[in-house]
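Each chain, written out:
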Amino acid sequence: MSNPPGATLPRAGRGLPCLVLTCALLAASCAAPSGQGEYDPWQPLNRKVFWFNMQMDEYVLEPTARGWDAITSEGVRTAFGNFFSNLRFPVHLVNNLLQAKFGGAVEETGRFVVNTTIGLLGFFDPATDAGLEAHPEDFGQTLGVWGLGSGPYVMLPFLGPSSVRGTVGVVGDYLVPPDWTNDWRLVVPGVVNDRAVNLELIANAQEASLDFYAFVRNAYLQRRRALVADEQGADRSLYATEEGEAGDDALYDDPYEDDLYADPFSEDGYDDADGSEEGEDED
Amino acid sequence: MLRNIRLTCLAPLLGVAALGLLAAPAHAAEENLERNARGVVEYAATTVSETLTGERSLTEKRTQVDQVVREVLDEPVLSRLVLARNYRKLDEGQREAFARAFQEHLVNTYWRNASAGELVRIEILEDREERSGDWTVKTRVVAVSDDDIKVDYRLRRERNPETGENDGPWLVIDIIIESVSMVSNFRSQFQEIVGNDGVDGLLSKLQEKNAGARAEREQQIAEEEA
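Residue numbers (our numbering), protein chains in the order written: chain L, 323 to 605; chain E, 2 to 227.
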């Protein structure tokens with residue numbers, strides 16, 4: 323589910339085109355406003371892809387996950403979840419190193435060794451019990467730590483919410499050897515298992531949202547922003563923006579002067595920031 | 002990739018489940034006045050976990066939890082925060098209708114999630130003042146068989162309508178679950194909906210959701226009585 327199975331260029335041959343693509347995308351990403359509000363200039367296309375993903379979910383993924391859910395116990399699903407996470411070790415290791423997070427790299431390596439052996443190929447997670455924390459870095463985060471803005475929001479077919487930076491990150495992570503990190507025979511069951519673990523959660527989220535597309539986009543962007551900020555060791559504010567400005571405090575300011583969410587691509591901007599007194603003292 | 006999908010997509014959704022575990026004081030107003038923000042969350046957490054793990058019928062539990070949520074959320078402030086600049090597009094009647102419908106939606110969402118997971122306990126980790134004078138209380142929700150969920154509450158003192166001062170009891174104005182702010186999330190959704198379907202579209206969507214939830218609830222009660 324993660325990558326087209328046909329994309330099997332020899333390893334050395336993959337580098338160059340990807341590098342070119344990366345540069346192009348990064349240029350786009352740097353030019354874009356970031357950190358403020360939600361930059362989604364490709365929304366019409368993104369919504370179509372989202373619709374497609376939701377159809378796939380409704381008719382393929384969710385029914386499959388329900389089937390898996392019906393024939394397995396919770397313990398089994400957790401064990402498979404552990405197993406599939408453990409397979410991501412090479413990607414986590416590389417990105418910890420790229421972010422100069424050597425402590426994280428050591429811990430990830432320790433986790434992999436312990437869980438693969440004592441944890442019986444990763445089905446169990448004795449490493450966590452032993453106090454070895456996971457540091458699941460990916461290349462999108464690495465780029466963020468390197469200071470790249472996330473660029474426009476992108477809804478990827480099958481893969482879900484991302485950004486230009488995240489998309490480059492997907493490509494970068496794909497290049498990490500060995501091949502089993504990208505083997506669809508392992509990736510697809512992992513996705514199904516994950517979906518099964520989260521059946522109720524996702525149903526509740528859909529129930530709670532009025533525009534599920536916007537729900538997912540906003541949650542994704544907030545979450546990624548926080549992850550990148552965390553990786554920079556920042557606890558400046560609970561509401562730190564990507565740039566580390568006081569941006570999110572503005573979330574709670576008087577909404578009449580709310581610039582933070584004045585999305586640049588919206589037609590119906592608000593005409594005046596403080597002209598209207600009306601309702602100012604409502605509550 | 003798998004991990005990627007997990008973290009970026011599922012973590013926020015996980016957070017939604019924790020919405021259900023927001024808590025509230027049982028006998029609200031007076032006692033809140035005496036409490037600082039942390040105290041409100043602390044007391045709230047205790048009350049909801051006791052209600053949920055208690056020996057009462059589901060209907061009774063729900064009534065209790067709903068009441069507590071209504072008491073602890075600052076609905077007028079929440080309405081303004083989630084509508085942001087769209088707030089001024091609403092006339093008096095629409096504002097009231099929105100506040101009522103949105104509160105009902107939050108209460109329903111809360112309950113759906115609260116009754117879903119098996120709560121073990123809620124730990125209060127730390128609290129701090131924000132620049133604006135709001136207060137943030139960080140908590141961790143521990144549930145059976147799930148990863149812990151970080152839930153932060155943002156509180157603000159209720160505004161006194163007569164003086165215009167924020168000197169009332171501390172009330173919750175946002176819930177931040179695994180770094181995802183509920184206010185920001187709803188604001189983004191409502192911005193889209195108002196942009197596409199107008200204020201009336203938003204109101205009718207909310208009311209539609211609520212009607213569905215009401216039907217669900219009645220069915221639940223009927224099942225329990227049967």
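Hint data in this document are derived by calculation from the structure and do not stem from the laboratory.
The beta carbon of each residue, even a glycine, is placed where N, CA and C say it ideally should be.
Misleading hints may appear alongside valid ones.
Claimed, not checked - Estimated spans, in silico, between C-beta atoms of each pair:
#1 L:Leu419 <-> E:Ala216: 48 to 56 Å
#2 L:Thr431 <-> E:Glu209: 49 to 57 Å
#3 E:Ala212 <-> L:Leu497: 45 to 53 Å
#4 L:Leu442 <-> E:Asp149: 52 to 60 Å
#5 E:Gly134 <-> L:Val428: 41 to 49 Å
#6 L:Leu367 <-> E:Glu51: 46 to 54 Å
#7 L:Gly425 <-> E:Glu225: 51 to 59 Å
Practice task
Go through the numbered hints given earlier and state which of them the structure violates, listing their numbers in rising order.
Solution key: Violated hint: only 4; rest satisfied.
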